[in-house]
Amino acid sequence: EPEVTQTPSHQVTQMGQEVILRCVPISNHLYFYWYRQILGQKVEFLVSFYNNEISEKSEIFDDQFSVERPDGSNFTLKIRSTKLEDSAMYFCASSDLLLNTGELFFGEGSRLTVL
Amino acid sequence: AQSVTQLDSHVSVSEGTPVLLRCNYSSSYSPSLFWYVQHPNKGLQLLLKYTSAATLVKGINGFEAEFKKSETSFHLTKPSAHMSDAAEYFCVVRGDGGSQGNLIFGKGTKLSVKP
Chain A
1 EPEVTQTPSH QVTQMGQEVI LRCVPISNHL YFYWYRQILG QKVEFLVSFY NNEISEKSEI
61 FDDQFSVERP DGSNFTLKIR STKLEDSAMY FCASSDLLLN TGELFFGEGS RLTVL
Chain B
1 AQSVTQLDSH VSVSEGTPVL LRCNYSSSYS PSLFWYVQHP NKGLQLLLKY TSAATLVKGI
61 NGFEAEFKKS ETSFHLTKPS AHMSDAAEYF CVVRGDGGSQ GNLIFGKGTK LSVKP
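Sequences listed follow chains A and B, in order.
What the first sequence shows, in my numbering, is residues 1 to 115, in sequence order.
What the second sequence shows, in my numbering, is residues 1 to 115, in sequence order.
For the record, the hints were derived by calculation from the structure and aren't laboratory data.
For every residue, glycine included, the Cβ atom is placed at its ideal position computed from N, Cα and C.
Just to be clear, a hint being listed does not mean it is correct.
As the list claims (entries may be wrong) - With a straight-line Cα cutoff of 25 Å, these simulated BS3-like cross-link-like pairs (lysine-lysine) come out:
1. B:68 / B:58
2. B:114 / B:42
3. A:83 / B:107
4. B:110 / B:58
5. B:69 / B:107
6. B:58 / B:42
7. B:58 / B:69
8. B:49 / B:68
9. B:107 / B:49
10. A:57 / A:42
11. B:107 / A:42
12. A:42 / B:68
13. B:42 / A:42
14. A:42 / B:110
15. B:58 / B:107
16. A:57 / A:83
17. A:42 / A:83
18. B:49 / A:42
19. B:107 / B:68
20. A:57 / B:49
21. B:49 / B:69
22. B:110 / B:49
23. A:57 / B:107
24. B:107 / B:42
25. A:78 / A:42
26. B:42 / A:78
27. B:68 / B:110
Said to hold, decoys possible - Okay, the calculated bits of chain B under chain A, using three or more residues with CB under 8 Å as the criterion:
28. 36 to 43
29. 102 to 115
Please model the entire structure based on the sequences and the hints provided.
Shown next, in the form of structure tokens:
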């Protein structure tokens, strides 16, 4: 069964460093998303991406964040200068435009720890 | 604005007994509602979804949920719990952003199943 894969599963970084989280969405999906879950808090929407541009973003997704689809398979989330409060589990998701039912397929997450 | 409230942070049942995970929603219009499950060290998996068709929705692994507009509820049930059902369950409503991928998550309910 096709699945969304994320790397790394866990990354530890120093405050101020740049981090790139990578995702390989399901191959025929056209919508891509990032969510995050700070420990003990709700899963929160960050950004959605379609046709090589951001289609929606939350207020969390400030100038420190960026997303990119550098090639036909990868979808990345970059945090330019990490802060302590960026420590969270980051989930990538994708969906099929044709379904248009809001069903998102999620990866297993990348845990980011900022020291 | 849409929101969901999961009334229990932790539910414990014995194997073979019924499961009830409660969720109330708030929405200014007819909502799209979902239940997602997260097993340890796994991604978020869609259990079932309500998108204004039948009010009783059947999902995977024997789970069901009933949309009750008068009570603004979308509780998740299963007649007989199995050990493999132990996981965290999230009630989710689709946000009103244009991308349809802006999902608003509840805080989650951790289900424990005792032998």
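Where does the structure disagree with the numbered hints, that is, which hint numbers, in rising order? none
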